[in-house]
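Asker: Here is what each chain is made of, one letter per residue.
4 protein chains.
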Amino acid sequence: MKNFGHNCGVFGVSGSPSAAALTFTGLFALQHRGQESSGIVSSNGQQFFEHKGMGLVPNVFTPTAIASLAGNIAIGHNRYSTTGNSELRNAQPLTVECWRGPLAIGHNGNLTNTVQLRENLVQRGANFQTTTDSEIILHLLTMSHGTLVQAIVDMMNVVEGAYSLVIMTRDSLIAVRDPLGFHPLSLGRLNGAWIIASETCAFDAIGATFERDVKPGEIVVIKDGAIESFSFNRVVPRRTFCSFEAIYFMRPDSLLFGKTVADIRIAFGAALAREHQIDADVVVPVPDSGIYAAWGYANTTRIPFVLAYVRNHYLGRSFLQPVSESRVVAVDMKLNLIRSFVEGKRVIVLDDSIVRGNTAKSRCRLIKEAGATEVHMLVSCPPHRHPCFYGIDFPSADDLIANHHSNGELARLLGLDSLGYLSEDSMARAIGDCSLCLACFNGKYPTPVPL
Amino acid sequence: MKNFGHNCGVFGVSGSPSAAALTFTGLFALQHRGQESSGIVSSNGQQFFEHKGMGLVPNVFTPTAIASLAGNIAIGHNRYSTTGNSELRNAQPLTVECWRGPLAIGHNGNLTNTVQLRENLVQRGANFQTTTDSEIILHLLTMSHGTLVQAIVDMMNVVEGAYSLVIMTRDSLIAVRDPLGFHPLSLGRLNGAWIIASETCAFDAIGATFERDVKPGEIVVIKDGAIESFSFNRVVPRRTFCSFEAIYFMRPDSLLFGKTVADIRIAFGAALAREHQIDADVVVPVPDSGIYAAWGYANTTRIPFVLAYVRNHYLGRSFLQPVSESRVVAVDMKLNLIRSFVEGKRVIVLDDSIVRGNTAKSRCRLIKEAGATEVHMLVSCPPHRHPCFYGIDFPSADDLIANHHSNGELARLLGLDSLGYLSEDSMARAIGDCSLCLACFNGKYPTPVPL
Amino acid sequence: MKNFGHNCGVFGVSGSPSAAALTFTGLFALQHRGQESSGIVSSNGQQFFEHKGMGLVPNVFTPTAIASLAGNIAIGHNRYSTTGNSELRNAQPLTVECWRGPLAIGHNGNLTNTVQLRENLVQRGANFQTTTDSEIILHLLTMSHGTLVQAIVDMMNVVEGAYSLVIMTRDSLIAVRDPLGFHPLSLGRLNGAWIIASETCAFDAIGATFERDVKPGEIVVIKDGAIESFSFNRVVPRRTFCSFEAIYFMRPDSLLFGKTVADIRIAFGAALAREHQIDADVVVPVPDSGIYAAWGYANTTRIPFVLAYVRNHYLGRSFLQPVSESRVVAVDMKLNLIRSFVEGKRVIVLDDSIVRGNTAKSRCRLIKEAGATEVHMLVSCPPHRHPCFYGIDFPSADDLIANHHSNGELARLLGLDSLGYLSEDSMARAIGDCSLCLACFNGKYPTPVPL
Amino acid sequence: MKNFGHNCGVFGVSGSPSAAALTFTGLFALQHRGQESSGIVSSNGQQFFEHKGMGLVPNVFTPTAIASLAGNIAIGHNRYSTTGNSELRNAQPLTVECWRGPLAIGHNGNLTNTVQLRENLVQRGANFQTTTDSEIILHLLTMSHGTLVQAIVDMMNVVEGAYSLVIMTRDSLIAVRDPLGFHPLSLGRLNGAWIIASETCAFDAIGATFERDVKPGEIVVIKDGAIESFSFNRVVPRRTFCSFEAIYFMRPDSLLFGKTVADIRIAFGAALAREHQIDADVVVPVPDSGIYAAWGYANTTRIPFVLAYVRNHYLGRSFLQPVSESRVVAVDMKLNLIRSFVEGKRVIVLDDSIVRGNTAKSRCRLIKEAGATEVHMLVSCPPHRHPCFYGIDFPSADDLIANHHSNGELARLLGLDSLGYLSEDSMARAIGDCSLCLACFNGKYPTPVPL
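Chains as they are written, first to last, in my numbering: chain V, 1 to 451; chain H, 1001 to 1451; chain S, 2001 to 2451; chain C, 3001 to 3451.
Just so you know, the hints here were simulated from the structure itself, not pulled from any lab data.
Hints are not guaranteed to be accurate.
[Claimed, not checked] Subject to a maximum C-alpha distance of 25 Å in a straight line, what follows is the list of computed DSS-like cross-link-like pairs (lysine-lysine):
hint : chain 1 : residue 1 : chain 2 : residue 2
1    : V       : K444      : V       : K215
2    : V       : K215      : V       : K259
3    : H       : K1368     : V       : K259
4    : C       : K3259     : C       : K3215
5    : S       : K2259     : C       : K3368
6    : C       : K3215     : C       : K3444
7    : C       : K3259     : S       : K2368
8    : S       : K2215     : S       : K2259
9    : S       : K2215     : S       : K2444
10   : V       : K368      : H       : K1259
11   : H       : K1259     : H       : K1215
12   : H       : K1215     : H       : K1444
[What the hints assert, rightly or not] Restraint-style ranges between C-beta atoms, simulated for each label pair:
hint : chain 1 : residue 1 : chain 2 : residue 2 : range
13   : C       : T3131     : S       : F2049     : 40 to 48 Å
14   : C       : P3063     : H       : D1171     : 36 to 44 Å
15   : V       : G207      : H       : Q1277     : 34 to 42 Å
16   : S       : R2170     : H       : S1229     : 40 to 48 Å
17   : H       : L1413     : V       : D425      : 49 to 57 Å
Even for Gly, the Cβ is constructed at its ideal location relative to N, Cα and C.
Make the full structure from the sequences, and use the hints.
Answerer: Next up, the structure:
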């Protein structure tokens, strides 16, 4: 229900005569990962075909546009601007013709050493036509000699940060995931075809089956129906999956570490129940991202789960623009409260996170004004204190409300009787056996970052 | 989650310097009642100001457009085409200048004797510039002599069918509801101003308080802060509120007969629990309209309530067009299933209605394919067998699947282990002490209809 | 080269299977008479088909739009706003359904007693949905009993002012011209079909032949291939054709009183040569409206005709908006001077009129700065001193520069060595044997006007 | 009056605080050289600002867009597609960031060895994101070491063909013209600022004065108010200015070899009078390109010059699309004939060229049908027999009508009594003391071309 900018969704198909149509459907299922622009590039073995536009997937692609994207291979991309301006020329996939032939790339994530990389490439003779860090990757692939896989390994040796990539050549589809595995990237199958997607919900949308995740540091090359895997051989300290993907971004029906994201969020709720026992009458989720955690809390505590907020589904395009002022406006109209469900009750509101605090404040006030006798708020992650450099568009540290107030002050400020966060440990346990990036909570960035 | 065309939402303000801005917000809260076009007309006591456009409320009205709508009175309208074509010139409110001065009208509902009325008016010298039945009402108001209230009474004497109206003159705001009270219309207050809205959720959106419903057959005239009520004096057999408003159309946070619509739907679920005992492991609602009934069923039966369907919120404008083919396409992409929530389980799917059956079929198949051992379906209303002439865009009797198959056949056809509907009686009891229009279920139309 | 708003162009076809396509081409040839909006309505004998839009003819009508306009009869209209706002709903033809069946009307000209007429109609029960005076005519036709021709006669008895009309019913095409014959309206033939057009250049565009003018006060009814003529029988003092049509508006290739307009303008130039003998080296026309008069002047005086101004043909849509400020901007970029053609020469600049004077000033300065030793200006009509109420969008008397300065002062103000106008008498003689409306020159309005 | 695609117009300003606004006006004056897309890039010494769009100059640039283009240096470009597709991403100026800092380029002309150059650059590691040959020039400038001037010289050593360039760096404006000087490029001054433009008419539009032409093979560098000139030192056989620029493309008020283009065309007419004596009553120019030659013919022969064709000025955007079918349609509506001017006369029609012959045919038939007793056609250049590789979008040799018929046959085919062309020698003499590219007439290409 918040509008963090995210660093995009990617999708790829190899080996299907409906490659572009499948990519359209896959991008539609990944729409939550980027609403600013969308694009598809396909290959018929000889030639590339391309269509890109500003706006939502169904508005960008007409049936005619999809029909014009010939060939058995295609890659697609939904963009939410994190670097570069909101212009069509920054829309992805980005395509170049180089000595390797035509190359297209779609990129989810954010590099952290772009300034040095760009400067270095420019010194070596590269010409930059966009302001995206994806163009940096393309230049690195072109400048390196040897095979494309060798060039990808060379690239991985110099770039820092987060990248889940789909790359297309005339005859190959390639998936690449950074060695720390910040963002998700999975492999699926549909009849004879191979599918790559940011999240498994895109497999379900096209009827494909989940095969496995692309591993951190892995390069998967699909050509003529065959699949080859290469490993990036740099010693990596530990993988660090973005915890906020699990908390907020991923769709609840996507798979993560063998479970659905909904199950992980239910476990967040159960953990919150262990950490924060509250004597209350109802648990009210903030839709949609708080729903499963609230449900887990309710199931564990036996406090009734009450859908008291009603979401307004009709939000025009103008509300999705990357301008911070308009977000506040949008929020006010997104949720309405069924007053009778909370009147005279002790209420627990459960949300996924508190960032600036404005949204939380207005929503809790709504419940208070409806006649709740107590309002408690639970958050299914720790307090946000640090910016993200890997693709999530959090505000600067100064705008994160947890940096300015103690827990008690914040509760008072939001008009709450109590405020509780999920601990880092419990959160990590709920996600499962994996190392996580918790930098936005504890400031421990797994790579050098530009400060 | 279905796209029945509906006959619009209306809104009006009298006595606020922000009349147009409040109307904008009110229309936004009523967006679910019409997405084809939207319009606002305001009056500063001397002159009317008007802005209309095709599309969703936030796309039609820029801040500049709202600022240009001067005055303390305003009426607004969201249209979903039921009569007339999808053109801007059919967008409402409709404005004329006549011997009474300027008049504007916004209409929710559908008249059933338009052919005769139009023919008759044309013979008496009326010029029709649109194909809406709202223009019929305007001509009737103009042709009648005497006061405007007398003219409204005269109009009510000749028109048949459903109409909840907002009417504006230079200095007055008038609300009119047909004698049978088919569709909702309520009265609210905000500081000194009077508000009229199709549903009370629009009051909440602007911070107004609910005062009372406009009564069937009532004419409410608001002028200079004062309010007067007139009654249409024709003997009316019984009021007949549209039951499908309670089942599907109204927002769950709106009030109906003293309860929230969510509460009524919870009662539907409780009644289903009494009528259909099923040995199952989980109750899965079809979002969003099936949620509260499923919740009521789950709370009564103690069978776990499981949010297994995930809704895709990003549906571009093209999916909302009143073209029947595109609906099917849209449906396929709207819901995704969390397979692990139903795998190996005996599942009850709860939806608000079955009309053509295509949607139900594909959704049940999804659950079966996910590995459910049994799939039962419960519907929170009786089988649909007859078209509606009062504003709901059901298909013809031929396209209603319940007219072609027995209950058992239909269950087989949909791949279900069982299929159960809510009975008319239970449904009516859940809605409360009131007479209802059940014509779409039993064919007993409360007015003569054109067959 | 100026942008006087004009009161529209009309076109009609009866008896051709390509009625709409011919109307499209005809409207394109009449584009100079109105650039704000364009529309076509056709009839297949049963039903009307309509397409209207803002902008130039080729932008309003796609091939698909034209193909959708079925039937053997069609009328079309180019609008330049003189009354009413610049909105799509004021675009013509205007269509209504009334007791006579469907009626459509296209109107060129301006009525002078609209306030009383509208007030009177409103008192008699008419509902106005637009602010055009064409809707007044429609209501008059509807309110009158008897045949449509009788109703047209009744209408002509009450309206004052200028009107050249095309009217369409299910099966008839009707042309009507006001008794004073202010604006042109002609009748043509193409194979078996009858054509009506504001100017004969539209006949040439579709390959039709000119038959005759519609006479002042005449009603021409075309039905099933037959043509009937009716005369409006009110005693009319004299016909008064708009002299500015001949001076500026009509295309030079249109016929007027048996001659081409180009011939009439050549005669203006010859008359100027008799009235103003100037010792000069070159005659420079202001394109395009001054070209033929300058040519006549040059041919008579044997002073060389020199095309020293070059017109910039690429003017985007934004320059054609009815906003007075933008006209000045546009003018500056419309003409460029070939300096060598006037350097060191005694130059006569010949233009069709001086209204506000800004344009004349900047153009004469251009010639002076290019090194002309003398600059004289000749104008092919008398000084403009009065506003027009019949359809020409001259500014108010206050903004007409001739009302503020003597001839000598004006010459000094414009930086001229001399300034000469054509006399009323010579102008009238050049146009030919006809009575003219000269109200904009001498203030003698042929009908009562609202002052 | 024909629509040959042309290879663009360029404009540049250095040293004015209104650099972008001047460039807008300059591009507007150069609109005849390209109507497909337009763009401006400016520099404030640190940073580039850019705005580009499809369509005509006044439609691409809003006042807000112009205001956003900060800085004292700007370059602009009007594009008519000759290479690459009609897409926004091919719009110019093209901008890159490279080791030299940001670079922008606007290109008029066409290279003839692009395939080899592109292939070679790709092998050396260049990434191509567009299909324009201008990107080739940018890569050459980047790949070369040494100063930018040295890089430009290196580039000139390898590219073949036609190029008039404006190049911008953070602090410099550079003009470059190919060694053969195919297309015009001139230098002007406005107060302290330096101006570069494809034609001098753009200087007049902004009030600048013509300084001199950029010489073939010259590199002009303007920085901080100072100007430096460098010469490309390769031995050049002879300069070869495109004769069709003089015949058709350039605006008549632009300067060429010290004369106005109008004067040169008048000389064409005088030469035609010497080569083709015809006993005729009137000389009718085809507007606008035939006007000055016809005038020269008329002045020399004393046969009256008669403006019998009237041009329709209102041509919407759709008529300017680079699709060959639509050209024919457009032509039919562009000109109308004043029949009385040619009826019963022996007529000479004078046009600038005959390419496919369709246009000439329909126009001559118009005159015949109007009752001319004889129709002769004179053309102010030799017959077109060969395609152009330097930027003019002539059709292939197969579609040039002069390749299929003798002069006599062609006259018969066009329905003419006689047909005469201007000889190469006379044409060259009229243009003045200069070597010309006559390849489209005689097939002698001054550089190797891809056949």
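Asker: Compare the structure with each hint and give your call.
Answerer: Here is how each hint holds up against the structure:
1. Among the hinted pairs, K444(V) with K215(V) is consistent with the structure: their alpha-carbon atoms are about 23 Å apart, no more than 25 Å.
2. Only pairs whose Cα atoms come within 25 Å are accepted, and K215(V) paired with K259(V) is accepted, the gap being roughly 17 Å.
3. Between K1368(H) and K259(V) the alpha-carbon distance is near 20 Å, which keeps this suggested pair within the 25 Å criterion.
4. Between K3259(C) and K3215(C) the CA atoms are separated by roughly 16 Å; this keeps the pair inside 25 Å, and the hint holds.
5. Our distance criterion of 25 Å between C-alpha atoms is met by K2259(S) and K3368(C), whose separation comes to about 20 Å.
6. Of the supplied pair hints, the one linking K3215(C) and K3444(C) holds, its CA atoms being roughly 23 Å apart against a limit of 25 Å.
7. At most 25 Å may separate the alpha-carbon atoms for a hinted pair to count; K3259(C) and K2368(S) meet this at roughly 20 Å.
8. With a CA separation close to 17 Å, the supplied pair K2215(S) and K2259(S) stays within the 25 Å bound.
9. Proposed proximity of K2215(S) and K2444(S) is supported: the alpha carbons are some 23 Å apart, at most 25 Å.
10. Restraint check for K368(V) and K1259(H): the C-alpha separation of about 20 Å stays at or below 25 Å, so the hint holds.
11. Among the hinted pairs, K1259(H) with K1215(H) is consistent with the structure: their alpha-carbon atoms are about 17 Å apart, no more than 25 Å.
12. Distance hint between K1215(H) and K1444(H) is fulfilled; the C-alpha atoms sit about 23 Å from each other, no more than 25 Å.
13. For T3131(C) and F2049(S), the hinted distance range of 40 to 48 Å is satisfied, since their beta carbons lie about 43 Å from each other.
14. For the pair P3063(C) and D1171(H), the supplied restraint of 36 to 44 Å holds, since their beta-carbon distance comes to about 41 Å.
15. Distance hint for G207(V) and Q1277(H): a CB-CB separation of about 35 Å, consistent with the stated range 34 to 42 Å.
16. Between R2170(S) and S1229(H) the C-beta distance comes to about 46 Å, which sits within the given range of 40 to 48 Å.
17. The supplied range of 49 to 57 Å is met by L1413(H) and D425(V), whose beta-carbon atoms lie about 52 Å from each other.
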